[in-house]
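Engineer: These are the residues of each chain, in order.
Protein chains: 2
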Amino acid sequence: MRKFNFCAGPAALPEPVLRQAQEELLDWQGVGCSVMEVSHRSPEFTAVAEAAEQDLRDLLSIPGNYKVLFLQGGATAQFSAIPWNLFGAGSKSADYIHTGQWAEKAIKEARRYGEVNIVASAEDRNFSYAPAADAWQESDDAAYFHYTPNETIGGVEFPYIPEVKSPLVADMSSTILSQPLAVERFGFIYAGAQKNIGPSGIAVGIVRDDLLDRALPDIPRSLSWKIAADGQSMDNTPPTFAWYLSGLVFKWLKAQGGVEAMAELSLKKSQLLYGFLDRSAFFSSPVSVESRSRMNVPFVLADESLDKKFLKESEEAGLLALKGHRSVGGMRASLYNAVPLEAVEALVAFMADFEQRNG
Amino acid sequence: MRKFNFCAGPAALPEPVLRQAQEELLDWQGVGCSVMEVSHRSPEFTAVAEAAEQDLRDLLSIPGNYKVLFLQGGATAQFSAIPWNLFGAGSKSADYIHTGQWAEKAIKEARRYGEVNIVASAEDRNFSYAPAADAWQESDDAAYFHYTPNETIGGVEFPYIPEVKSPLVADMSSTILSQPLAVERFGFIYAGAQKNIGPSGIAVGIVRDDLLDRALPDIPRSLSWKIAADGQSMDNTPPTFAWYLSGLVFKWLKAQGGVEAMAELSLKKSQLLYGFLDRSAFFSSPVSVESRSRMNVPFVLADESLDKKFLKESEEAGLLALKGHRSVGGMRASLYNAVPLEAVEALVAFMADFEQRNG
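Line by line, the protein sequences give chains Z and C.
Sequence positions in the first sequence follow the numbering used here and run 1 to 359.
Sequence positions in the second sequence follow the numbering used here and run 360 to 718.
Chain Z extracted, bound-state conformation:
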């Protein structure tokens, strides 16, 4: 029996997508084998790859001067790829906003290859908010400006896109496809698939094509956006099954009404949970109201000693993976696109009951 899954990633996938994959797992499109067993250069798989790109372009209205890349190594490989791809055209300095653990990982890797200017940091209040733009100290010669629109662990989301001088680079792993996006305001967008796109093992990159010639000369082949773009993301054998499943998710998203529908749904889901948290005397959100994530909702119990009981009983009630990240503790409910409204309703009902019994 399928349960409600609040995992932060690898996360819930749409059930119709899994059902289709299941049905055709042994014999795909009458080919006589699985989609996993055909050459990535076969006409059948090429059609999958092209449709996935086109559907993603449609969903996010990606302009023609942007390349869409399907990459390996997740967002973490991109933490290295970003300085390697952008520090080769003069400036080896970049602006970063420090909003929590994922921003920090990106910063740490960039520092190995050049200067990092921390434009703003939310460390002063335990990374519980997105720093306001009016106090930012941008560099004059930054090769790029990096931020994390949604911190998966901290549950902090920027309610706006920063206006910056240099090409804007964003780790959208946990927020991509959850609302309409002005892609034209970015230089490079990247996202690990395992939250709002598909299974783990594939990542999406969206890069403005004038940025493809700025790589450091020694860039390892596997990190080069230009090589990926020139080779239709097939410089090496791509993760074909993950690509295929991502494509099915894109088609599912379109059928749901696209990112406009997802924006509406994600607001509804997150407001339902935040509304409950704010009314409760027992549960609370550690995140500043104006920076609360629609995707990842951390919350804590008034009595920490009940954490284990909460996790045990919620799992028994069919509500999976509510444990907070091991580095911060507490609870976290991730409300990605494939998590239905009914899941959040069931969660809130469970929490209300738990509060009554233990509060």
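FYI, nobody ran anything at the bench for these hints, they're computed from the structure.
Each hint should be verified, as a subset may be incorrect.
Heads up, incomplete: computed chain C residues facing chain Z, CB under 10 angstroms, no partners named [as the list claims (entries may be wrong)]: (1) Glu374; (2) Arg378; (3) Val397; (4) His399; (5) Ser401; (6) Trp443; (7) Pro558; (8) Arg580; (9) Phe600; (10) Leu604; (11) Ala620; (12) Gly677; (13) Ala697; (14) Pro699.
Since this is a predicted model, take the numbers as computed values, not measurements.
Yeah, the Cβ is synthetic: ideal placement off N, Cα and C, and Gly gets one too.
Guided by the hints, dock chain C onto chain Z, whose structure is given.
Structural biologist: Leaving out everything else, chain C in the frame of chain Z:
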């Protein structure tokens, strides 16, 4: 209906593995979701990862002083990773044997980071053989010695493991798990999964632990074997579904009798096909007898103008993906572990019939 699949990669997977994956695709082990939808750090997935490693260790008798890594980016990422991980301890020079297209890709990437000494090359006879060891010119100070035990495109296989002075590094993408292996003779073994291990999107690395401290200081995080080893191959979110499927393949291999049984089977399958090719006046193998691959069997028709007809009719007969690599033309039958003897029998019967009708 499942057909016989001779694809060079992504290649055929064992049908029982696909059936199990299909059955539990929506609800895995009664967890209430797919294996794709659970955290890679959950106890359930950790058990999958650990079992996969242990089963691979059992299959290949991997000694305790070797680390087993599950990596992203395929063998191609390792072409960069090898010099990055091994050129930091003094020598920035390496020995390579040039046996064809895959060796060449490895050489090209290593040359960007140090000196490459071509110990031997089979270019003189169009890469149709594995150069004999007696004429090799090894360096005195090589950081490592790299070779390609099986060239997937050329269909050339080394019938022995080279005796060399420096740590031996081998791209085993298309030959791993097809026979017993003296792992202790190697410094680093790597293999993209999509031939004899599992679906594309994951690669296996087996590294002797004293080689983990030789990396160049600027090595990108995603290429570091040490970081992969220290983090149980979970420095970033791993490709969980590909890892799980690889684990199922390892269990299937054990049930078949392990690599000893695969060695026997691969000899039987390849000898059946080579025997037919050698008796035929119409089909022939371009590879020197002593270097013929048990895994990838390229062959050509006496009359090239019949290639298209052969491919069309073989596909209609339920024999998939016999087209040779786009760079060399002709035909190629890949006979990995998951390709049953019956597939080769059907292929030989079809070829005999085709010869009779067209020869």
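Engineer: Give a verdict on every hint.
Structural biologist: Status of the hints after comparison with the structure:
At a threshold of 10 angstroms, the smallest CB-CB gap from C:Glu374 to chain Z is about 7 angstroms, leaving the interface hint in force. With 10 angstroms as the threshold, the beta carbon of C:Arg378 comes within range of chain Z, its nearest partner Cβ sitting at about 7 angstroms, so the hint holds. Checking C:Val397 against chain Z by beta carbon gives a least distance of about 7 angstroms; that is within 10 angstroms, so the hint holds. Given hint, C:His399 at the interface with chain Z, holds; its Cβ is 7 angstroms from that chain's nearest Cβ, closer than 10 angstroms.
At a threshold of 10 angstroms, the smallest CB-CB gap from C:Ser401 to chain Z is about 8 angstroms, leaving the interface hint in force. A hinted interface residue such as C:Trp443 counts as satisfied when its beta carbon comes closer than 10 angstroms to some beta carbon of chain Z; here the least separation is about 7 angstroms, so the hint holds. The criterion of a C-beta within 10 angstroms of any C-beta in chain Z is met by C:Pro558, whose closest approach is roughly 4 angstroms, and the hint holds. A hinted interface residue such as C:Arg580 counts as satisfied when its beta carbon comes closer than 10 angstroms to some beta carbon of chain Z; here the least separation is about 5 angstroms, so the hint holds.
Using the Cβ-Cβ criterion of 10 angstroms, the hint placing C:Phe600 at the interface with chain Z is satisfied: the shortest such distance is roughly 5 angstroms. This hint holds: C:Leu604 has a C-beta 8 angstroms from the nearest C-beta of chain Z, less than the 10 angstroms allowed. A hinted interface residue such as C:Ala620 counts as satisfied when its beta carbon comes closer than 10 angstroms to some beta carbon of chain Z; here the least separation is about 22 angstroms, so the hint is violated. The restraint placing C:Gly677 at the interface with chain Z holds, with a minimum CB-CB distance near 7 angstroms, inside the 10 angstroms limit.
The beta carbon of C:Ala697 is positioned within 10 angstroms of a beta carbon in chain Z (closest approach about 9 angstroms), and the interface hint is therefore held. The interface hint given for C:Pro699 is broken, as the beta carbon of that residue sits about 13 angstroms from the closest beta carbon of chain Z, more than 10 angstroms.
Hint check: violations occur at hints 11, 14; the rest are consistent with the structure.
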